[in-house]
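The chain contents come next:
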Amino acid sequence: MTISTETTSVTEAQGIGASPVRPDGTMKVRGEFAYSSDLWHEDMLWGATLRSPHPYARITGVDIAAALAVPGVYAVLTHADVPGVNRYGLEHPDQPVLAEDVVRYRGEPIALVAADHPETARRALERIEVGYEVLEPVTDSEAAVAGEGPALHPGGNVVRHVPIRRGEQDVTADVVVTGTYEVGMQDQAFLGPESGLAVPAEDGGVDLYVATQWLHVDQQQIVAALGLPPEQVRLTLAGVGGAFGGREDLSMQVHASLLALHTGKPVKMVYNREESFYGHVHRHPARMYYEHGADRDGRLVYVKARIYLDGGAYASSTSAVVGNAATLGVGPYDVPNVTVDCWGTYSNNPPCGAMRGFGAVQAAFGYESQMDRLAEACGLDPVEVRLRNAMSEGTVMPTGQVVDSAAPVEELLTRLRSMPLPEDRSGELDLRRLPGGVSNTTHGEGVVRGVGYAVGIKNICFSEGFDDYSTARVRLEAVGGEPAATVQTAACEVGQGLVTILQQIIRTELGVEQVTILPMDTSIGSAGSSSASRQTYMTGGAVRAAALKVRAALVAHAARTLGHEQAELSVAGGKVVSRHDGVLADLVDVLDGEAFDETVEWRHRPTEALDPETGQGNAHVQYGFAAHRAAVDVDTELGLVKVVALDCVQDVGKALNPQAVLGQIQGGSAQGLGLAVMEEIQTDGGVIRNPSFTDYLIPTVLDMPPMRIEVLELADPHAPYGLRGVGEPPTISSTPAIVAAIRAATGLALDRVPVRPEHLTGT
Amino acid sequence: MRLNVTVNGERRQADDVWEGESLLYVLRERLGLPGSKNACEQGECGSCTVYLDDVPVCSCLVAAGQAEGREVRTVEGLADGDALDPVQQSFVDAGAVQCGFCTPGLVVAAHDLLNRVPDPSDEEIREALAGNLCRCTGYEKILDAVRLAADAR
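If you're matching them up, the sequences are chains A and B in order.
The first sequence runs 1 to 763 under full-length UniProt numbering.
The second sequence runs 1 to 153 under full-length UniProt numbering.
Note that these hints are calculated values from the structure, not bench results.
All clues stand as given, with none of them false.
Quick look at which bits of chain A chain B covers, simulated, 3 or more residues with Cβ under 8 Å:
(1) 27-33
(2) 690-699
For the chain B half of the interface with chain A, some residues (derived, Cβ under 8 Å), not all of them:
(3) G20
(4) P34
(5) S36
(6) E44
(7) F101
(8) E123
(9) Y139
All values derive from a computational prediction rather than experimental measurement.
The C-beta atom is built at its ideal place from N, Cα and C for all residues, glycine as well.
Working from the sequences, and respecting the hints, build out all of it.
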């Protein structure tokens, strides 16, 4: 056809499937992108938070007089100053904005100060006198399930229990392997600290500029605490310095708003790194008891598991984490008989909630460790035992849900196995490639290599009957003689590149080059959270749906004005094109001063609640899969590990932006590496022992090996463009693959992550 | 105290600086240059990296008074007007920017590396950037960006 050459060009080269540069990239490299901690306002004050030094204590009194007397202090607030309901929470409103008569974790906010300088505010905090009656903290999840210890909340210490019962419950098998596994508490460690600016408004409300993952769920909780109607609490997304789940819960949002409303001045709050460790929820630590039964050929007969997830002082998203760990508890395998019980509990440990891959990350360390154990018991290769049990499209999940799109577990593993392994250490010695690096701890003596595999599964989007939707508005008009589209959503760009994806979708659907993404705020309906690997699916789906409505209206208009049949017309490359006659007109001329403007609320197909007794139900929208192979060198004398290769195969359905897909896989794999060998918030009696980047280590560029990555695009017919959520799966299989490699190198059982040097040296 | 410092070639003055303030705080909160980032404020993450008299430092670890009379070059001072420095352009092109909070520090650190070592090996790049934490990218595309910048310069 003659039309193609003229209409490709920029809009196709920058549409879906391409990797155009980020619209915010230039500002970010110039240092001109305004993050939430960069905001400034004339006459602004600084807010600061007094936090509990005790994990569990009764508050006997709070005296703010001395703090109020500090020159430069404008306000000191306690729970008595919270005008609305002094409770908030993502799924259960169980957390005080400011503590009343009891504190349930080390770091719980008790009082707030607003002052003219952050140092003044800090000094005023020191002058607030709080009386405590210190109580013995509850720190054990299993004890909570057993009903031991004091109840920390009115309903007791179990937040949620999910049983899964599938097939025969009393079945036996020829080969049985058991294991007890633990996952330490991981931190999101996003680099941009919790921060924002609250500006009091003339209508008695507040305008809040903040880094978050879900503007509307923040707004809901803030209005309840402030006792204001939603229209008086307006949120705008400030630049977000990473999230990974850690910004799903509120941090300084209500606090800054309270101070701003109280003082009548703009108030900025910025946590430092130590406060950030107290200021957001972490990944649930887990203890897991697994029993796998199989026939002598390694085919699974049953899996039994008990999974305990410590949610810490407040519920946050514990319920959803429990749901994921339970429903995905046997991994991406076809298992006829399943008995899983998963509990999430309260304790006086730091609150835990969302972190990339939640629930699935913990379970994967358990079930993948078990698959290696099963391989050994059956005398099989670890990949072979996984292939024999691999689930596929049509497999029935332990919940009874039939997997109705690609589940290429076998292909992921076989592709991974075919990739070249890293070269053996040989020839010239480069310290930088050895465990310990330039610390010069070995020249290769005592160093052994191992290779390990793992595969994981994650539910994509929100599950269990949640009404999951996103709202998008798309406007097309002529601006300065060019067709231009504008996209408005409340979807949070947290670094993942959603702003790029939304531009690409518009270029593909409307054939216009110029696409403006408006600032994200609450003046439009909710987009849902930037979590659960859902935002390209959901807000991408919503923007596409709105764009298609705009296109339909535009084509109808063009058909009328150009005198052609609607069915033969399309838009591409800024032109209106006829299937029969090629280019008919420039879009700008067809628009002729008119604007086409459509708003859509878009939903994925509905899901169902789980049966509370059996855990049966079509609970999930979509499943995502990734597999990793790790190669490690271990210095067995010092217990140092160097990950020398970390290769990944992942199915993404459709790579809307291949460069961004790779970025997600690389970044997610790095966080999994961190959990495998270094990252843990260490607590002692509920107190965090390492709240700093000096003591909480995340991978550096020296720790990450080069990665070989293969991306499969097996379209999911239920999803926009066939895409499959990308962000979480690579975080899940990375950790167990690395530990499997360390086991292969050392022969040690290693039932806990992160693996520490002393686990390897036995000292 | 009053602080006199040359920033990105311009003589600047800040009044009423508290002695405990860091150079990072003065840049961000008093001189309107928030490009240098406040990720840890304890010298671990490198996101606040600036040149102090041509030597890259963590500006969070430099007391404001130590910068008196000296020259500071921040990420805001690397581009030549609208033209990005090759390191900046490479970070955009290679997909090395996700959330971007580590980016200013990494751009300055990579800029310094390429000034010293125009054609670095991968090991040299890794060593030079080992003091800069990134949580989004897994560093692969940052390595790509530095290689790309080395080729472009």
